Amino acid sequence: MRALPLTLVLLLAPTVPSADTHDADLARAAVERGEILPLSAILPDLEARWGGQVLDVEIDEEAGLRVYELEILTADGRLLEVEVNAVTGELIDVEAEAEDDVDDATEGGSD
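Its first residue numbered 72, the sequence shown is counted upward by one per residue in this note's numbering.
Calculated from the structure, these hints are not laboratory results.
Careful: at least some of the hints might be erroneous.
Said to hold, decoys possible - With beta-carbon atoms standing in for the labels, derived distance ranges:
| # | residue 1 | residue 2 | range |
| --- | --- | --- | --- |
| 1 | 161 | 99 | 19 to 29 Å |
| 2 | 105 | 169 | 33 to 43 Å |
| 3 | 93 | 158 | 20 to 30 Å |
| 4 | 112 | 152 | 17 to 27 Å |
Computed from a predicted model, the values in this text were never measured in an experiment.
Note that CB positions come from ideal geometry on N, CA and C, so glycine has one too.
When you get a sec, could you build the whole thing from the sequences and use the hints?
Here's what the structure looks like:
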């Protein structure tokens, strides 16, 4: 599906300066230095696997490993939290979120 890349562009486009903007700048610099893969190298595999829409993207460091954490609403309506090694692109973990979380994500509600 083409929704993933378009949504990601919209999510990453800074509209209000915040800590998220700083994190995005740090991630962009790490990509430019060749320290991590760009999301454009990771998204096609996720898109082929689940389709759907990326709702949120974060980059964290866990035990010295840089990890992309993506929240994906799949084509069949499941909400997944996906962790991908930002250096190798290897899928680390996939967790299905509770059904209530899917409703909140699609309706813009909160817990």
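Status of the hints after comparison with the structure:
Taken as a hint, the range 19 to 29 Å holds for the pair residue 161 and residue 99, whose Cβ atoms sit roughly 21 Å apart. Between residue 105 and residue 169 the C-beta distance comes to about 38 Å, which sits within the given range of 33 to 43 Å. Distance hint check for residue 93 and residue 158: the Cβ-Cβ separation is about 21 Å, which falls inside the suggested range of 20 to 30 Å. Between residue 112 and residue 152 the CB atoms are about 20 Å apart, so this pair conforms to the stated range of 17 to 27 Å.
This entry satisfies every hint, going by the numbered hints stated previously.
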